[in-house]
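One letter stands for each residue in the lines below.
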Amino acid sequence: MTLSIIITAIVTILAAATAMSLRNLVHSVLALAVAFAGIAAFYLQLDAQFVGFAEILVYVGAVAILIVFAILLTRSGEAPDQSVLGPGWFYGIIVSALVFTAIGWAILNSSALPTEVPVASDATVKHIGEALMTKYVLPLEIIGLVLTAAMIGAVLIALREVSTAGGSRRESAPSENLSGLTSTATNSSLGGKA
Amino acid sequence: MFNALDQVFVNALHWLVGFLPEALRPLVSSLLAVAFVLMVFPGIFAIVTVIERKGLGRIQNRYGPNRVGIPFTKIRLCGFGQFIPDGIKSLTKEDIVPRAADKVVHFLAPVVMLIPVLLAYSVLPFGRNMTITDYDAGLLFFFAVGGAVEISVFMAGWSSHNKYSLLGAMRAIAQMVSYEIPLILSAVTVVMIVGSLNLNNIVAAQNHYTFGIAHWHVFTPWGLLGFVLFFIAALAESNRTPFDLPEAESEIIAGYFTEYSGFKFALFFLGEYLGMFAISGLGITLFLGGWTAPFSFLIWVPSYVWFISKLLGIIFVFIWIRGTLPRLRMDQLMNFAWKFMLPLALINILIAGIWHFMDHDWLRWPVCSTLIVLAYVTLGRGLMQNQKLGKRIYRFAE
Amino acid sequence: MLGEQIIKGMAVTAKNFFASYVSKDRLTTVQYPEERLPQKHHTRQFPFLVYDGDDVQKGLRCVACQICEKECPPKCIYIIKSKDKKVDYKGQMQVYPVTFDIDISVCMSCQICVEVCPFESIKMNTEFELSTDDRFGGLLLTKEQLAKPNSYYQKVHPEAAAESDAVIAAEKAKAEAKAKAAAEAKAKAAATVAEPAPSPAPAATPPPAKP
Ligand code: SF4
Ligand code: SF4
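Chains as they are written, first to last, in my numbering: chain Z, 443 to 636; chain W, 2 to 399; chain D, 6 to 216.
For the record, the hints were derived by calculation from the structure and aren't laboratory data.
The C-beta atom is built at its ideal place from N, Cα and C for all residues, glycine as well.
Some clues are possibly wrong.
[Stated by the list, open to error] Partial chain W-side listing against chain Z, Cβ under 10 Å, derived:
id, residue
1, GLY19
2, LEU21
3, GLU23
4, PRO27
5, SER30
6, THR93
7, GLU95
8, VAL105
9, VAL150
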């Protein structure tokens, strides 16, 4: 345990706790982004460059922005006045602490736990790429297929919304609002794939 | 002799660090390298602001700034001292924070903007042996930190509690997310051909010469298309005309930094230009051969000179485009990204694959070029079809 | 084809860029302090006061009638009349302005003061480089700063000056003729008065003719 790992851990945990306890949802997202960045820093300190950068790229760059958009498009009004903690928060903490102890105890006493630390394998980007293209090519393809299906499904949902909202005429009209914008975007991505 | 000139900064760094005890050396040498970047690129920024104003002026048949030279003298230097009063002015202006603003986020936004932009410089090879950190996944690092800029844009727009700021931030994020895809996909071709995410390896792969001409990727069909796509996406990523909707002055004042003034505004301005330089630098590294010379008889010119001159060349094209093209509309912007750039980038990946598998066969030149032209013409037709040009009909103005 | 027009546009701007270094005719900007355009024939900026001859005090045409002060739309003229009188350009005794200020930060160059002045005394100047680092006192022009000789007026607006000189000459001539006629009438009257009544006290000279 070096000093930098401890600092990263403290920052990450603090950011995650802040994300849970703030009332303003946007502040929570920003704190969450910090937590994501902290996790990425962990990966980097463990010499897992690819995973670390992918964490930043996907979580800080995309997921946080996605959450922000979701909040801004759905939220009405300002932050709630009442506390974010539910009435039974104290018992919740006790229960989760108990569960954590049980799992931790089980893991520490498990016979599957290797006794000596394995030598860190040299997981460069090249190795990851080669593994993905040889050993794990089938899972990769399946994931690609599932994602494509998910995307087509999303496009279909978006399409129906447009047709109920204003008929086919609206589709071609340049719509200024954001929902129109996303629907054009998804439409065209379907066009690009097809 | 030329080699010494080429390596003068590297050797100077080693020489300076040599005076220190062993334990301090890595720390001090990285600090010095960072200080070097922090000196050079803001310096280029200062000069580029003047060049931009002069260039735009000339394009519009004006003089542009030509008064301020060295302070307290009569030397005018064609106005290249203009950045000094500009800087002093923006540093001494009052820093206004709106009463309704979210103070903490409002304060943090410019800082969060500048950090990823500066981080991006850490992987760029500025010259032979002149890379601050030699990451194995340098390209991925660049795009990863670039993605963090969006957060700062959102922070700035949201915390100002101003409708123009929020609109600008939304536009900026929508635009950045859309154009990041063609940007990355056009860079993927290079990764496929070179077989490495390391930017130094990518430069090294272009550092060969046939008949005295360098093997830059831009000299191949897929590289040319990739470079054009990358360049357009880079324009959009750095919010430059014709993709300057996020800060369209005539529509939403200044977009997400409407409510910023004084030093914070200067930080945004700096961050935007440094981001532009960084992404141009990446384009140079990927397609224009990084710090290598275009012709083998020119390799005696120091590598960093090549890098900086290519950078200035790209910036000049940026300015030229800004002086020429009008701003796009939001739906045009999105259509262009999703209906034209994205399919073309995907096709380009396919073409790069064909190029790779037809190795050392001269046929790959005509085959790939024809494929690219076909794809371009077809997609271009498709994009132009929806465009109903004709007499404009006003609904309310008549 | 897509992008054709963009290339054309880029060619136009590139041509502008390079040609503006070659041919100076393209640049419409005049580099002001060093280069100047000739002034327009009828250029008018701010009012000034005309005086005849060399002496400001004696030659000032203004008689402090305060018409311009009343007519000035933004009320930027400020006049204090004198208690004593001096001879004006028509040779009559007139009051004169002790203070005559124009605040040119307020003046809107409407030239109404010039239109209404019955004495050809206030005219428009062509001077426009009036910037100063004192924005209150520096822009309040006093009588001394406003007064300019007639020769200056003849130089900046020769035609208008000739016109106004003609008007003054005619007025002067009229006034002289009137004075002459008055003097003749006076002489005649004196002669007729002297004839029938020579007896009263010779010291009692007739009172001066009332205007
Ligand atoms: S020009 Fe007009 S505003 Fe100026 S002093 Fe004369 S009457 Fe007043
Ligand atoms: S300038 Fe003319 S109008 Fe004004 S007070 Fe003097 S004589 Fe009268």
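- Query: Hints broken by the structure, by number, lowest first?
  - Reply: 1, 2, 3, 4, 5, 6 and 7
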